[in-house]
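Q: Residue strings, one per chain:
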Amino acid sequence: MLKEMLTLLKKQQKQASLSVDKLEGEQTSLKEKEFSRNLQGNLSILKHLYSIPDNKDIKLRELYLEGFNRQAALLFISTITDVKSIEENILKPLTENTSSDKKVKDIVAIQMVHEITLYKDAVKDINKGNALLILDGEPKAYIMDCPDFQSRAIEKPESEILIKGPKEAFNEKAVANISLLRKKIRNENLIVEAVEVSQRSHNDVFVLYIRGLANEKLIDNIKERLGSLDVNSIQNLSLLEEYIEERNYSLFPSILSTERPDRAASFLEDGYIVLLMDNSPDSLVLPATFWAFFHSPEDHYLRFFYGNFTRALRMTALFITIFTSAIYVAITTYHAEMIPPDLLLAIAASREKVPFPAVIEILIMELAFELIREAGLRVPSPIGPTIGIVGALILGQAAVEANIISPIVIIVVALGGLSSFAVSDLSLNFAVRLTRFLFILSAAMMGIYGMTAVFVGGLFYMVSIKSFGVPYLAPMSPNYKSSKDTIFRRLTKNETLRPGFLKTTDLQKKTTGE
Amino acid sequence: MKLRSKMMKVIFLTAVTLSLSGCWDHKELDEKAYVIGIGLDKHKIEGKVKVTYLIANPEVGSQQTAGGANEPPQEIVTLVADDFISSRNTANTIVAKEISYDLLRVLIVSEELARDPDFIRIIYSATKDREIKRSAQFIVSRENAADFIKNNKPKIETRPHKFLELMIERGQETGMIPEADLNGFFRVTESDADLYLAIYATTEKIEKDEAQTTDDDLLAGEIQVEGTTNNAQFIGSAVFKEGQMIGRITGEETRISSLLDNTWATEDILTAIKDPFDERYKLSIRISQKRENKYKLIPEKGRPTIEIDVPLFIEVYSDPSMINYAKNREKVKELKKSLTAAIEKNFTEFVSYTQQELKGDTFDLSIPMRKEFATLREFREFDWMKTYPDAKVKVNVSIRFGEFGRQSKLPKLEEVRD
Chain A
1 MLKEMLTLLK
11 KQQKQASLSV
21 DKLEGEQTSL
31 KEKEFSRNLQ
41 GNLSILKHLY
51 SIPDNKDIKL
61 RELYLEGFNR
71 QAALLFISTI
81 TDVKSIEENI
91 LKPLTENTSS
101 DKKVKDIVAI
111 QMVHEITLYK
121 DAVKDINKGN
131 ALLILDGEPK
141 AYIMDCPDFQ
151 SRAIEKPESE
161 ILIKGPKEAF
171 NEKAVANISL
181 LRKKIRNENL
191 IVEAVEVSQR
201 SHNDVFVLYI
211 RGLANEKLID
221 NIKERLGSLD
231 VNSIQNLSLL
241 EEYIEERNYS
251 LFPSILSTER
261 PDRAASFLED
271 GYIVLLMDNS
281 PDSLVLPATF
291 WAFFHSPEDH
301 YLRFFYGNFT
311 RALRMTALFI
321 TIFTSAIYVA
331 ITTYHAEMIP
341 PDLLLAIAAS
351 REKVPFPAVI
361 EILIMELAFE
371 LIREAGLRVP
381 SPIGPTIGIV
391 GALILGQAAV
401 EANIISPIVI
411 IVVALGGLSS
421 FAVSDLSLNF
431 AVRLTRFLFI
441 LSAAMMGIYG
451 MTAVFVGGLF
461 YMVSIKSFGV
471 PYLAPMSPNY
481 KSSKDTIFRR
491 LTKNETLRPG
501 FLKTTDLQKK
511 TTGE
Chain B
515 MKLRSKMMKV
525 IFLTAVTLSL
535 SGCWDHKELD
545 EKAYVIGIGL
555 DKHKIEGKVK
565 VTYLIANPEV
575 GSQQTAGGAN
585 EPPQEIVTLV
595 ADDFISSRNT
605 ANTIVAKEIS
615 YDLLRVLIVS
625 EELARDPDFI
635 RIIYSATKDR
645 EIKRSAQFIV
655 SRENAADFIK
665 NNKPKIETRP
675 HKFLELMIER
685 GQETGMIPEA
695 DLNGFFRVTE
705 SDADLYLAIY
715 ATTEKIEKDE
725 AQTTDDDLLA
735 GEIQVEGTTN
745 NAQFIGSAVF
755 KEGQMIGRIT
765 GEETRISSLL
775 DNTWATEDIL
785 TAIKDPFDER
795 YKLSIRISQK
805 RENKYKLIPE
815 KGRPTIEIDV
825 PLFIEVYSDP
835 SMINYAKNRE
845 KVKELKKSLT
855 AAIEKNFTEF
865 VSYTQQELKG
875 DTFDLSIPMR
885 KEFATLREFR
895 EFDWMKTYPD
905 AKVKVNVSIR
915 FGEFGRQSKL
925 PKLEEVRD
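Protein chains in written order, with our numbering: chain A, 1 to 514; chain B, 515 to 932.
Mixed in with the good hints there might be a few duds.
[What the hints assert, rightly or not] Lysine to aspartate or glutamate pairs mimicking EDC-like chemistry, simulated, CA-CA at most 16 Å apart:
#1 A/K353 - B/D544
#2 A/K353 - B/D782
#3 A/K353 - B/E542
#4 B/K541 - A/D101
Hints were generated in silico from the structure; no laboratory data involved.
Start from the sequences and build out the full structure, keeping to the hints where you can.
A: So, in structure tokens, the structure goes:
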């Protein structure tokens with residue numbers, strides 16, 4: 001059956017790749033044409049392309065320009081353009097102009113004016129919120145820069161919450177996001193390149209890096225990957241992530257997603273590459289190592305000891321999440337002699353009336369916990385607190401009283417669940433939560449021996465995988481020259497090196513202070 | 515594509531085989547009966563033993579809500595078996611759960627069985643069973659082990675494992691009972707150079723006419739206790755030579771043994787010793803060892819000399835003669851001299867007792883002595899067990915005083931009585 005599914009999947013992929021070659025319904029042949037001298041001819045083609053008058057927010061304004069003594073037409077999409085600017089900076093100067101030897105460029109009060117000759121370019125720019133001006137008798141058109149997309153304002157981060165540190169977060173407008181980054185890196189070498197990644201929706205991905213720092217090969221590799229995508233539409237970075245990552249079936253994430261501009265900026269300054277996109281309230285940082293997911297910017301914002309204390313806590317929490325349930329299962333089913341007698345008897349007593357083996361018990365509770373978590377996430381906010389009460393109180397208390405679950409299991413699962421929240425990165429959080437089940441199953445089958453085997457196997461795997469050519473556990477293993485910001489951080493003034501695995505042009509980022 | 519389907523197959527097959535074959539030692543906690551102690555007694559028929567199991571009831575005392583409040587904290591099963599390995603299954607004809615030795619804390623052997631030359635054959639089964647830990651303590655009971663277990667009913671620590679654990683731990687701290695784990699028994703028996711001490715305990719009371727004159731020169735059962743407490747007493751040791759019990763020593767002798775022994779740390783010996791300033795009274799002193807003993811062997815023809823330096827740290831807690839020695843250097847010197855002499859005398863007496871009566875040392879003397887020999891063969895040819903009784907043993911005690919109680923000064927008797 002699996003085989004059939006796989007062949008089906010492959011067929012679908014083939015079909016998909018075929019259809020991209022010729023985008024049906026896109027009127028590609030029309031777009032390839034050039035503007036003619038005849039205004040009415042040009043307009044009829046544009047009307048055809050934009051389905052005027054069916055398409056209600058496409059505005060076509062025909063006017064007579066006295067100064068040029070010519071008929072003209074202005075075309076724009078009213079929902080994504082700055083209508084006021086069109087009125088005041090384009091229409092008004094044009095109609096009030098009386099001299100015939102002035103050029104269009106000199107009349108309108110618009111930042112950027114391009115001249116184009118192909119319909120293809122015209123369509124592309126109009127779709128980006130620009131206005132198009134055509135004059136009768138000219139085989140070209142003017143593109144005037146006046147986009148105004150609706151979006152929300154810059155708000156506080158919601159998933160990467162800090163107590164100390166900047167409180168701005170990316171929003172869905174790439175321009176605003178780039179502005180936030182430029183605010184932090186005032187350097188002309190911060191390059192913002194745009195790569196179009198989809199054919200129908202024309203989504204742009206902005207590739208940000210610092211020229212002269214970031215590894216050129218890496219930049220080329222990423223641009224190549226982005227350019228070779230053959231897709232109709234990629235709405236945002238979360239979707240893009242899956243297209244460009246190397247191991248789709250891996251449990252561990254290989255691209256870091258952050259909604260904090262300060263974090264993205266510090267990665268840029270270290271020579272990483274950041275991807276931005278419209279409609280994404282976050283950025284992608286690559287390549288990403290395990291440590292990037294493990295760290296939080298607050299580790300550096302807090303004082304040395306406080307920051308390292310949180311790091312230690314987070315590492316402990318990580319291991320608690322992965323191992324508590326599994327250790328409970330392993331010890332109670334295989335290694336009872338390891339438990340101190342008082343605890344052993346207490347566990348035995350509490351399990352006396354429980355009908356299930358320890359594994360099933362743990363799995364039931366883990367599942368319940370995951371359910372509460374998922375339901376709590378999706379539930380409309382007015383009834384959110386209710387879910388918490390129902391989940392925690394009714395499920396936990398009643399399950400114990402009904403002798404379905406022993407109270408110790410509640411402690412074990414709750415501890416693991418609680419600790420999992422300390423791993424703040426969503427992707428790593430999922431990875432940790434899923435590996436936990438792997439460990440529970442191995443513990444149930446072969447005790448501590450099984451757990452050790454899976455742990456060793458997992459370590460082998462983690463050491464072997466790479467993110468854009470960078471080993472996952474670098475710079476710890478394999479060892480690279482770096483500031484050794486792994487489990488613990490050093491004093492900020494001692495963090496003098498950029499990570500060696502990025503092969504940046506300039507390794508030193510500050511003097512050693514000697 | 516082909517590779518992937520092959521991989522799928524491999525993963526699927528390994529998953530199936532694992533799920534079919536796994537769970538070898540799997541046993542849920544609540545499906546086991548936890549044996550805290552095993553009692554061994556002689557049976558009329560040769561080759562058979564009476565095995566007594568002391569099984570803990572996990573539901574008592576560990577949880578408020580678990581119920582079972584009306585159940586007894588322990589269950590005792592005595593049956594006749596060939597050894598205490600095969601008896602596990604026999605016991606399951608009475609006990610519903612699988613008998614588990616996971617929590618086995620003590621092995622209790624009756625004095626009668628321990629003195630049997632065949633005892634060693636029985637006890638060595640403990641090395642065969644995987645679940646029996648070598649850290650289990652070894653107790654010899656004056657009466658039958660079955661009776662000891664039956665009569666041992668602690669009033670406050672009703673859970674048997676807790677009582678035994680605390681009782682033995684505290685007894686070892688005060689030096690009244692020896693550190694006696696199974697591992698030590700096998701080690702001493704196999705090295706065949708020293709004597710092994712097991713904990714001596716009883717629930718029987720020995721009525722003695724004479725008034726009790728010491729607090730620790732006694733054996734289990736001899737301490738006169740009144741009140742509503744448990745009737746088990748843990749004091750003194752059973753002495754084993756070559757895997758067979760040959761005698762017993764009192765609590766005081768056990769303490770001396772512990773002080774002479776470097777491998778064995780006693781922290782809290784409170785005892786009384788004759789007041790050098792007034793014959794009628796006794797001084798309460800607390801002895802501890804802060805530094806290690808030093809041993810020296812001077813080989814001479816026929817009769818080697820052994821010198822043992824025992825540094826003691828002593829705190830004197832009473833002054834019944836009200837002599838106020840704490841503030842008087844001369845008196846302290848006098849006190850030190852008399853204490854040294856008294857303790858040295860006790861030590862020497864005990865050593866000569868072990869040489870003459872027990873024909874072996876009870877304080878692991880062969881361990882520090884091994885250093886004196888160049889090779890193991892030399893040591894073996896020396897034959898410690900045979901040589902020790904004839905050796906000249908000299909014990910030197912050196913005393914360092916700690917504080918003399920919280921308040922070192924006492925009022926002058928004449929002034930108070932004025």
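Q: Each of the hints needs a verdict: does it hold here or not?
A: A quick look at each hint next to the structure:
Between the alpha carbons of A/K353 and B/D544 the distance comes to roughly 9 Å, so the proposed pair stays at or under 16 Å and holds. For a cut-off of 16 Å, the pair hint linking A/K353 to B/D782 is broken: about 44 Å separates their Cα positions. A hinted pair counts as satisfied when its Cα atoms are at most 16 Å apart, and A/K353 with B/E542 qualifies at roughly 12 Å. Straight-line distance between C-alpha atoms of B/K541 and A/D101 comes to about 98 Å, which puts the hinted pair past the 16 Å bound.
The structure shown violates the earlier hints numbered 2 and 4.
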